[in-house]
Every structure is written in structure tokens, then in C-alpha cells.
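Chemist: So you can see what is in the structure, the chains are spelled out below.
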Amino acid sequence: MENKVNLTLNGRAVSARQGMTILEVARENGIDIPTLCYLEDFSPMGACRLCVVEVEGSRTLVGSCHTPVTEGMVVHTHSPKVLAARKILVELLLASHPDSCLVCDKANICELRRIAADLEVGLPRFHARKHYYPVEDENPHIIRDMSKCILCRRCVIACKSAGNGSMFSVAYRGFESKVVFGCDQLVDEAAVCPDFDGCIALCPSGALRKPVKIGEERAEKALIIKG
Amino acid sequence: MPQQRVVLKNCGVIDPRRIETYLERDGFKALAKVRREMTREQVTDEIKASGLRGRGGAGFPTGIKWEGARQAPGEEKYVICNADEGEVGTFKDRYILERDPFTLIEAMAIAGYAIGAKQGYIYLRAEYHHLFDLLQNAINQAKKSGYLDGFRIEIREGAGAYICGEESALMDSIEGKRGESRYRPPFPTTSGLWGKPTIINNVETLMNIPQIILNGAGWFSQMGTERSKGTKVFSISGDVENPGVYELVLGSPLRELVEDLASAKDIKLIQIGGATGRILPYEKIDTPLAFETVLGAGAVTVYNRSRDVIDIVYRTMEFLAEESCGKCTPCRQGTEVMVEILEKFHRGEGREQDIRNLEALSQVMMLTSLCGLGQAAPNAVMDTLQYFKDAYKKRVVV
Chain A
86 MENKVNLTLN GRAVSARQGM TILEVARENG IDIPTLCYLE DFSPMGACRL
136 CVVEVEGSRT LVGSCHTPVT EGMVVHTHSP KVLAARKILV ELLLASHPDS
186 CLVCDKANIC ELRRIAADLE VGLPRFHARK HYYPVEDENP HIIRDMSKCI
236 LCRRCVIACK SAGNGSMFSV AYRGFESKVV FGCDQLVDEA AVCPDFDGCI
286 ALCPSGALRK PVKIGEERAE KALIIKG
Chain B
479 MPQQRVVLKN CGVIDPRRIE TYLERDGFKA LAKVRREMTR EQVTDEIKAS
529 GLRGRGGAGF PTGIKWEGAR QAPGEEKYVI CNADEGEVGT FKDRYILERD
579 PFTLIEAMAI AGYAIGAKQG YIYLRAEYHH LFDLLQNAIN QAKKSGYLDG
629 FRIEIREGAG AYICGEESAL MDSIEGKRGE SRYRPPFPTT SGLWGKPTII
679 NNVETLMNIP QIILNGAGWF SQMGTERSKG TKVFSISGDV ENPGVYELVL
729 GSPLRELVED LASAKDIKLI QIGGATGRIL PYEKIDTPLA FETVLGAGAV
779 TVYNRSRDVI DIVYRTMEFL AEESCGKCTP CRQGTEVMVE ILEKFHRGEG
829 REQDIRNLEA LSQVMMLTSL CGLGQAAPNA VMDTLQYFKD AYKKRVVV
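In order, the protein sequence lines correspond to chains A and B.
Add 85 to the 1-based position in the first sequence for our numbering, that's all there is to it.
Add 478 to the 1-based position in the second sequence for our numbering, that's all there is to it.
Because the hints were derived from the structure by calculation, they are not lab data.
Ideal Cβ placement from N, Cα and C applies to all residues, glycine included.
Wrong hints could be hidden among the right ones.
[Claimed, not checked] DSBU-like mimics (lysine-lysine), calculated; alpha carbons at most 30 Å apart, straight line: (1) A:166 / B:822; (2) B:746 / A:172; (3) B:674 / A:89; (4) B:655 / A:245; (5) B:746 / B:867; (6) B:674 / A:245; (7) B:867 / A:172; (8) B:596 / A:172; (9) A:166 / B:867.
[Unchecked claim] Selected chain B positions facing chain A (Cβ under 8 Å, derived; list incomplete): (10) 807; (11) 810; (12) 812.
Using the sequences plus the hints, can you model the full thing?
Modeler: This is the structure:
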């Protein structure tokens, strides 16, 4: 077939369809590459950089979620260089993340924690300021704690594609970047979205969660952290 | 090698407000030549043969960029002139725009012809608002004289963000979005402004085009080194007696610019390429200025022996942290972590571990950042760790 692409993935010859990304091909071949900003069915953002892989001949590591495979490409998804880089990226995210995992509602289902555990990241070697934002817990459908946000932007993308007007967007710059509601207002009682559950389910950290009533069972499966 | 005026040929000679003075200096002859006797392919081939490379810092071969956009399928294509000149310490594009806006307009029209674009944009940085009228006047005069038939040039103003000088963020900004870098591929030549094939060239790159067309690629490629053809306009500032704009043949030694022309004395280090540029100690003053060695966008900042290395790096990093768009993790978090580490050294409270952390972090920012800003942000740290490690060691608490 003419639109087949042949490449080498971790030393193994594999073939893929034209237009597939490295991440898609890797997953199809049973290789797990960690991601935080990537969402299936949405166009990639390339923001978190956790999915970087080594492509021979490339000056830098490349984001696998947005780089299409090409004929003859030689890819290493778990080389020492890649793993070292991913580890530092997670440490960078943890550096400004609040140390409140023990009391966090998402503690056992947190994707950031799972990835950190997989990469054997302990206490981050770096230090960065933490963000202190007020917890927005007045709305009956959603609780937002932006101090825990890792800026993966999944909620922004989901919000934009939901078609009911963007409630969330990114404001400010650099380290001060923040996912804001409206013009950086608190999500108050009056804020209504037909699909708050959508973005809550997508949030990989404890930044977005559903108010849980006492006695109510939590639906998500708990995370089993190795080690 | 002496100074040579190719890009600055008309600067200070013509009246930037009167097209007649430009026409007297072969103005719009190159445009007439391509329209009359050259095919699109011949134009891109000529630029390719000249060896011209982008003057905005990245040094991508201009001809290959143009060829890519010419071959890209699509009816609608765009030419963008990057006049966002945001790199710290550069003011050469301002100098050019103030004195010779017509060459730029002619070059954009040639680019439009070459790739088949009907629309061009000049992305002017917010701080250059005072040049808006001058540029618009030049566009109007060229239009009135019939040189812009079938090609429209619009000026779009930035809003003051450094990141918007990065080509993909620049396109976001023109589209009216928050300026943030995009991943590549797809490259702008196939999917740029509004997803259409687009070429983005720096002001100085475009300034070379009319003369390459008139004098031929052979004339242009005689100048310079093997992989760096032509001349380069430098903006030099800092601890020098004669700061300003100088044009030198590529491959000229740094010493000629810094000591002979700008009369710097007692130099400690030189930062070449602005905040994301490289830092060289005085001992490296005989380094040739070329893409093979150091160049960037041509910002040269000289620091004398009274300056503190850590202070320079700390301020550089503070600037980059402030200007990071915040999209990707390594740049957003990495610049902040670096600022915090460098601040410790600044206070004299660094640790041995911090030096190792800086090295590891530099490496990862360089390898994983989404765009040139994050990838080049650790340059100042890496270079000073290489050449001035003692400056760090002196600030370590034992």
C-alpha cells in the first residue's frame, strides 16, 4: 500500500499509516508514553512536553503527540536521554505544586502522581514559588483550586470544543500563566455550564473536582502506586 | 575586512519619505526585472543559489523557505515581514526602517511574486509605533506609482510581547489570538498564517533581495564564508565608546566590530544575540562572526571588567522568565526555577548542588522546549558556566 510508512520503533521495524503521530504508532504497538496535555479526539497542544521522544537526526527531542511519522524514521521512546528529560519535566511541575497530596481529593487518581511514580520521581530537586489562589467552591457543580493546576490546558480545549462559549481560557504569561474563568473571575454560584463534568473528568490533577456530598461513593478507580 | 554597505546601501542617502529618491538608486528595478523576465522558479532558484540565510537569528536558508512556499499547494499564500525586533540589544531593523522603507516594500513584492502571494504583512513591534506613518506612507507611494499591483501590504502592530517575534507566535498575534508558539511540523511554508502557506522573513533578510536579483547570486555569494554569505548588520551597545549600527561582511572577526569600530576597552565578556544569545569571554575576541560560530540577530552587547557575571545572567534570565509565553512546561517552569537559583547566587547563597541543577535543567530546556525561546533560554547560563565557573563558585556557601 502506498500510504504505509515504515519506521523503527525502539529497535523494532513497524509500519504505520500516513499521517499518524509517533504517539499513536507507539500506543498501537503497546508502548506507553506518558502524556498530560494530550487528549484523544482533539488536536494536540504540545504543551506539557512529557511525551518527548528521541528521533535520530533531530537536534532536539520531539513531542510525539504532534509529530507525524515519516518513512525511515528511527525513534527511541525510552532511551536514557528521554527518561532523564521526562523526569526533570515532572520535577519542574512538582516544584510549584502544593505538597498537599495527602489531603487532596484526587490523591489516588492523580495522573501527575502516577506519572511521577512511574518515572521514579521523588522529591523534586528544584524549587519554585507556589501559586496561592483562592479555592473556588461556591458553585454546586465544580470546585476549582488553581494552586493545583499544572496548566495542561485540557479543560480549555474541552471547553472550546464544547461549543457553549469558552468559559475557560489562558491568561497572563510565563510562570504567571493561569487558566481563568471569564476575565479572571471566581467560578461563582451563578456560573452555569451544561458540561462541567466533562472538564472535571479530564483534569489530571486536583485542580478541578466535583463537590462530593457526604456519604456519596466516589466513582473513579483508585490508583495503585508501585514501590 | 572593511565595512561594506549592502543592506544599508540607501540608508542616509535617500529620503525615506520620497519614493523618487529611491527610484534614482535603482529602486523597484529588481521587481520590474522579476515580473518581466523571470519565472517564479527562477526567482527562488536565484535566492537559493545566493546562499542567503535568515537574519533574524535562526539562519534558515531563505531560498529553501521560499521554494517550500512556492511549491506548497494552495491559492491563498502570505508574505510576512518580521519587524518585531524584540531581541535585547538589537536596533538594526529600526535603523533600516527609519531610513529605507522602500527596499523592504520592493523585496516583499518580489517575495509575493515568487511564492504566488497576493497579501503581505509587516508585523511591527509596538515600541516602533512611531514608524507606522513612515511605513504606511512608503506603501502608499509605492501603490500610487503602480509598483504594488496585485499585491497588498498591511501593517500589523504587536502589543509588546517578546515571544511574538517568534514566527509561530507572530502568526497567532496577526490572527488576533494570544501569541503563543506552535509546534512544528507543519512548518509555516505549508501551514502558516490562517493555515495557509506563508513565508516569514526578517527585515534585514528581505533588504538583501533586490540586490541579489539585480546583481546575481554569484555576486552575493562571493561575500562571506562558506556557509554564511553576504553581510550582516550589527547593533552594538554596552560598554563601548561608539555604539550603533555597523554592517560587516560575514566572517569578520568579533574584534573588528567591538574594538576597531565600537572602540570598546577593558572588555570582560560579550553577549552576542541578545538575551537568548551566546556569551563569549574576551579571550575569544578573534572568533569570526558567522552562522558557523556565533551570530544571532546581530545584537552585540559588551560588558567591561566592572560588570558582574552573575548579575548579567540573572537579569537575562529574569527577562526571559517574564517573556516566556507559558505554554510549555520546560520554558514556563524552567525559567522560573533558574531565576530562583540565580537569585541565590546573586545574594551569595548558592550551593554546589545548584550548579549541577543548572546544568541538568539547561540541557532539558534546550532539548524539550516547544520553541526557540525556551530552547535558547539557558544559553547565557551554559556559556557562563563554561567560561566563568569561578564566578558561580565564589558565591557558593560552604
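Chemist: Should the interface hint for residue 812 (chain B) be scored as holding, given a Cβ-Cβ cut-off of 8 Å against chain A?
Modeler: holds (6 Å)
Chemist: Compare the distance between the alpha carbons of residue 674 (chain B) and residue 89 (chain A) with 30 Å, and conclude whether the hinted pair is satisfied.
Modeler: The given pair, whose Cα atoms are some 26 Å apart, holds under the 30 Å limit.
Chemist: Quickly compare the C-alpha distance for residue 674 (chain B) and residue 245 (chain A) to 30 Å and report which way the hint goes.
Modeler: holds (22 Å)
Chemist: Straight-line Cα separation of residue 746 (chain B) and residue 172 (chain A) no greater than 30 Å?
Modeler: Roughly 37 Å between the alpha carbons, so the hint for residue 746 (chain B) and residue 172 (chain A) is violated.
Chemist: Starting from residue 867 (chain B), check that the Cα of residue 172 (chain A) is at most 30 Å away, please.
Modeler: holds (26 Å)
Chemist: Keeping to a limit of 30 Å between CA atoms, is the pair of residue 746 (chain B) and residue 867 (chain B) held or broken?
Modeler: Roughly 14 Å between the alpha carbons, so the hint for residue 746 (chain B) and residue 867 (chain B) holds.
Chemist: Compare the distance between the alpha carbons of residue 655 (chain B) and residue 245 (chain A) with 30 Å, and conclude whether the hinted pair is satisfied.
Modeler: The hint holds at about 14 Å.
Chemist: Would you check the hint for residue 596 (chain B) and residue 172 (chain A), treating anything up to 30 Å between C-alpha atoms as holding?
Modeler: Status violated; Cα separation ~48 Å.
Chemist: Would the pair residue 166 (chain A) and residue 867 (chain B) pass a check requiring their Cα atoms to be no farther apart than 30 Å?
Modeler: This hinted pair holds, its Cα atoms lying about 25 Å apart.
Chemist: Quick check on residue 807 (chain B) please, does its C-beta sit within 8 Å of some C-beta on chain A?
Modeler: For residue 807 (chain B), the interface hint holds, since the closest Cβ of chain A sits about 5 Å away, which is under 8 Å.
Chemist: Checking one constraint from the list: CA of residue 166 (chain A) to CA of residue 822 (chain B), max 30 Å. Satisfied?
Modeler: holds (28 Å)
Chemist: Return the status of the interface hint for residue 810 (chain B): holds when the least beta-carbon distance to chain A is below 8 Å, violated otherwise.
Modeler: OK, holds: residue 810 (chain B) within 8 Å of chain A, min 6 Å.
Checked against the numbered hints above, the structure violates hints 2 and 8; every other hint is satisfied.
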